[in-house]
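> Dock chain B against the given chain A, drawing on the hints supplied.
Residue numbers (this note's numbering), protein chains in the order written: chain A, 1 to 77; chain B, 1 to 256.
In case anyone wonders, no lab produced these hints; they're calculated from the structure.
The structure presented is a predicted model; accordingly, all values stated were derived computationally and were not measured.
Keep in mind that the hints are not guaranteed to be accurate.
What the hints assert, rightly or not - Under the rule of at most 30 Å between Cα atoms (straight-line distance), these lysine-lysine pairs were calculated in the DSS-like manner:
hint	chain 1	residue 1	chain 2	residue 2
1	A	Lys44	B	Lys190
2	A	Lys20	B	Lys6
3	B	Lys133	B	Lys190
4	A	Lys69	A	Lys20
5	A	Lys69	B	Lys190
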Amino acid sequence: MIEVLLICILALCLYTVESKDLLFGTIALSAISLLSALLFYLLKAPDVAITEAAVGAGVSTVVYVWAIKATERKDIS
Amino acid sequence: MNAQAKRAPVAAAVLSILVAAAILWPLVAFDGPWPRELGAYLESRGLEESGARNLVSAIYLGYRAYDTLGETIVLLVAVSGAIGMIAAAGTTLAIDYSYPAKDGAVDGGEAEKPIRRKAKKNRTDLIEVVTGKLGPVVLLFGFYVMLFGHVSPGGGFQGGVVVASGIVFLALGSKGKPGGGLSSASTLAKLEAAGFAALIAGGFLGLASGTGFFAPPLAGTSPLGFIIALNTVIGLKVGAGIGFLCVAMLGEADYD
Numbered sequence: 001m002i003e004v005l006l007i008c009i010l011a012l013c014l015y016t017v018e019s020k021d022l023l024f025g026t027i028a029l030s031a032i033s034l035l036s037a038l039l040f041y042l043l044k045a046p047d048v049a050i051t052e053a054a055v056g057a058g059v060s061t062v063v064y065v066w067a068i069k070a071t072e073r074k075d076i077s
Numbered sequence: 001m002n003a004q005a006k007r008a009p010v011a012a013a014v015l016s017i018l019v020a021a022a023i024l025w026p027l028v029a030f031d032g033p034w035p036r037e038l039g040a041y042l043e044s045r046g047l048e049e050s051g052a053r054n055l056v057s058a059i060y061l062g063y064r065a066y067d068t069l070g071e072t073i074v075l076l077v078a079v080s081g082a083i084g085m086i087a088a089a090g091t092t093l094a095i096d097y098s099y100p101a102k103d104g105a106v107d108g109g110e111a112e113k114p115i116r117r118k119a120k121k122n123r124t125d126l127i128e129v130v131t132g133k134l135g136p137v138v139l140l141f142g143f144y145v146m147l148f149g150h151v152s153p154g155g156g157f158q159g160g161v162v163v164a165s166g167i168v169f170l171a172l173g174s175k176g177k178p179g180g181g182l183s184s185a186s187t188l189a190k191l192e193a194a195g196f197a198a199l200i201a202g203g204f205l206g207l208a209s210g211t212g213f214f215a216p217p218l219a220g221t222s223p224l225g226f227i228i229a230l231n232t233v234i235g236l237k238v239g240a241g242i243g244f245l246c247v248a249m250l251g252e253a254d255y256d
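Here chain A stands alone, though its shape is the one from the complex (with noise of 0.2 Å):
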């Protein structure tokens, strides 16, 4: 079960990093930061997934999306 979960991270931290649309990106890490709060809990931390889920899931990735919201939508290159 945790080698799974390492798995998914790992794939998603990859495709966050290789996504084009930043907001594709910004959702794959929010989908990080639940895989690890459910990986915390599994390792008896329930602590620390309390706030990997509020930071990591909810607050972080509002901060993201209202920062990718306010620039252009647009590839400059």
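Frame of chain A, contents of chain B only:
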């Protein structure tokens, strides 16, 4: 220039691997015995001495509350820096801006036409209703996690970020007139400042009673009340700080 730009990622990757190796090397190179005395002591006596039932809270507020001060300072500096950058940019972020009419003036054609994005359109009825109804529930859960940190998993930081999520929900869900009540930027800024002041005052309380900086005052009695009080103060400070940051990014702060 182009070749240099191509070499930069490789150099960055090599540098990161070198730094990671330098940091991880001591872990691999020396296999001395891992220090276990303190962990064993805390595991056997921590709950009993602090009166808490959640060992994590018992340790981070009953034994090393001084470190917690450092963590809150890190958060305070991060929020201040972000707010400073937003304020220095001189603009609110979520405004409905239009582009200068220069279509085709740069290297030509329809491809250069900017996609107009209307920030006001982000607020659909769906989001407003769901976040508005969910906000108080999330807020309540956050306060539960914060106040029961000594009994169940959670504590000041965890509850604080959940409270911040609730504040963001309230700010998103307030119809028409945003920034009222708890989700107004000035209220949150005052709340964060008051929370930090109370935290430092709590630290000096132990100094005044002779037990030490950030040690539970009233030596001899259970520090449970001190843990609950610190959890509450930290939760308010963290929740207000992160909530303030998000509300400011939403573009409704007045920065004063």
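> Now tell me if each hint is right for this structure.
The hints, checked one at a time:
A distance of roughly 36 Å separates the Cα atoms of A/Lys44 and B/Lys190; the hinted pair therefore is violated under the 30 Å criterion. A hinted pair counts as satisfied when its Cα atoms are at most 30 Å apart, and A/Lys20 with B/Lys6 qualifies at roughly 19 Å. About 26 Å separates the Cα atoms of B/Lys133 and B/Lys190, which keeps this hinted pair within 30 Å; it holds. Restraint check: the Cα-Cα separation between A/Lys69 and A/Lys20 comes to about 16 Å, which is no more than 30 Å; the hinted pair holds.
With a CA separation close to 28 Å, the supplied pair A/Lys69 and B/Lys190 stays within the 30 Å bound.
Checked against the numbered hints listed earlier, the structure breaks hint 1 alone; every other hint is satisfied.
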